[in-house]
Amino acid sequence: MKTLSLYQPGRSIIHKIDPVTKLLFIILAIFVPIIIGTWGAALLTLLISLSFILIGRVFKKVLPILGFSSIIILSVIIIQGLFYVNNKAPLFTLGPVTVYREGFYYALNIALRIYNILVAVSILVLTTKPSDLIEALVRKGFSPRIGYIFSSVLQIIPQMMSTVDTISDAQRSRGLETEGRLSARIKAFFPLIGPVVMNSLISTRERAMALEVRAFNSKRKKTFLHEEVKTGYSRFLQFILLAILLAAIVWRVLS
Amino acid sequence: MTKKSRWSFNFSTASLVLIPAAVGINYIGKFFAGALKLPLWLDSIGTVLASMLAGPVIGALSGAINNIIYGLTADPISLVYAITSVAIGITVGILAYKGWMDSWPKALFSGIIVALVSAVVSTPLNIKFWGGQTGNFWGDSVFAFLIANKYPVLIASFVDEILVDIPDKIATILVSYAIFRGLPNKLTLVYKNESEIEKL
Chain F
41 MKTLSLYQPG
51 RSIIHKIDPV
61 TKLLFIILAI
71 FVPIIIGTWG
81 AALLTLLISL
91 SFILIGRVFK
101 KVLPILGFSS
111 IIILSVIIIQ
121 GLFYVNNKAP
131 LFTLGPVTVY
141 REGFYYALNI
151 ALRIYNILVA
161 VSILVLTTKP
171 SDLIEALVRK
181 GFSPRIGYIF
191 SSVLQIIPQM
201 MSTVDTISDA
211 QRSRGLETEG
221 RLSARIKAFF
231 PLIGPVVMNS
241 LISTRERAMA
251 LEVRAFNSKR
261 KKTFLHEEVK
271 TGYSRFLQFI
281 LLAILLAAIV
291 WRVLS
Chain U
3 MTKKSRWSFN
13 FSTASLVLIP
23 AAVGINYIGK
33 FFAGALKLPL
43 WLDSIGTVLA
53 SMLAGPVIGA
63 LSGAINNIIY
73 GLTADPISLV
83 YAITSVAIGI
93 TVGILAYKGW
103 MDSWPKALFS
113 GIIVALVSAV
123 VSTPLNIKFW
133 GGQTGNFWGD
143 SVFAFLIANK
153 YPVLIASFVD
163 EILVDIPDKI
173 ATILVSYAIF
183 RGLPNKLTLV
193 YKNESEIEKL
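Residue numbers (the working numbering), protein chains in the order written: chain F, 41 to 295; chain U, 3 to 202.
If you are wondering where the hints come from, they were derived from the structure by calculation, not from laboratory data.
We treat Cβ as the ideally placed atom computed from N, Cα and C, and that holds for glycine.
Heads up, some of the hints might be wrong.
Now the stretches of chain U that chain F is said to cover, found in silico as 3 or more residues with beta-carbon under 8 Å [unchecked claim]: (1) 25-33; (2) 56-62; (3) 83-92; (4) 95-102; (5) 109-121; (6) 125-139.
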């Protein structure tokens, strides 16, 4: 069944690392640069994350994720470079506008932080099957009901999108205008979204009954369909990551 | 039959399956707004409907899960804005419980409240992560104008966000209210706490 996910199947060593370790890495990649607070730390973290992306052979897939935010980052660089409050020293002048050093560096700092988050999360998203991630979290003590909600969302959205196609076709064949003036497009929003929403809300009732019949609310301990795959080095990796986090905190406190 | 407190919610199977549907509706709303090239996001209709149907807790959960899923499938930064979605879910849930969602003028007023809450919660996040910008062209133009005239970043960023949120959240609440009115009773009753008849 089709699901909504950016997961790229592969056999790299990054793919084999368990999801919880990758989650821990995300936390580290976001907080260690903030704790240490230097350019070097942020840049180094970004380079490490990027090298994991390269090892996982998913570099091409990370580009659209970065592209999404790059337009905003560009506008941040322009606006802060021109108007940042502490702007004093001119960096360069293009015709009538002067870009200032302070604002430019401030914006670069923002860009670095954003790219750090994007790339670190991408490692998890691109190299982990969503169902594996959910299963790993449920094993760690996450509520199985929340786990069900997550996997259900990933299936329900493609289903709803196919309903969207059907309803769009049906409404267009009745002569609904979906292009042209803004008022026409606003009017078209209701006949399009209304039926999809009604459909999905009404089917929640049936889904609930179907789950009830299968003893979804049973209080017994849930078992898993798949055996847990234990990798020997995941404990070791998690230990190293935690050690780095501690070292960063100690470094910050001492210096 | 006594009416239970607004914070009580039965974590029943029915409210549980409402959450994925709400996240799906958010997604569809965003998709149609994009497809029809509307100048709004309309990406929290599902969260609002879930809050109206099943209360603030389920609404907040829908909001959080919506941003987590969106963060893991499209734009990781939206994970951060899960806090805003949770705030929207809670606000709508309380407003609906207090009866501020049962006529068009009241829904309009609720839309303004939700926009304010959303802007207050989002502004610190915008400042922390984007230096104060929202990524919306019109909002950011005003932001640039304000900081160029030496207004504090906090004010510039709040104005940027509220300019985008006011039309978007009002439209979202009105659309949700229109849909909510059209829902059959047999569906809305499932989520009512005081109903003893249907229990799922």
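_Within 8 Å of chain F's CB atoms, at least three CB atoms from the region 83-92 of chain U: coverage verdict_ = The restraint on the region 83-92 of chain U is violated, since only 0 of its residues have a Cβ under 8 Å from chain F and three are required.
*asked:* Between the region 109-121 of chain U and chain F, are there enough contacts, at least three residues with CB-CB distance under 8 Å, for the coverage claim to hold?
replied: violated (count 0)
*Stated coverage of the region 95-102 of chain U by chain F [criterion: 3+ residues, CB within 8 Å]*: Coverage by chain F is violated for the region 95-102 of chain U (0 residues, Cβ < 8 Å).
_If you count the residues of the region 125-139 of chain U with a beta-carbon closer than 8 Å to a beta-carbon of chain F, do you get 3 or more?_
It holds, with 5 qualifying residues against the three required.
_8 Å C-beta criterion, at least three residues: is the region 56-62 of chain U covered by chain F_ = violated (count 0)
*Taking a Cβ-Cβ distance under 8 Å as contact, does the region 25-33 of chain U have three or more residues in contact with chain F?*
Our answer is that it holds, as 7 residues pass the Cβ test (under 8 Å) against chain F, meeting three.
When held up to the earlier numbered hints, the structure conflicts with 2, 3, 4, 5 and fits the remainder.
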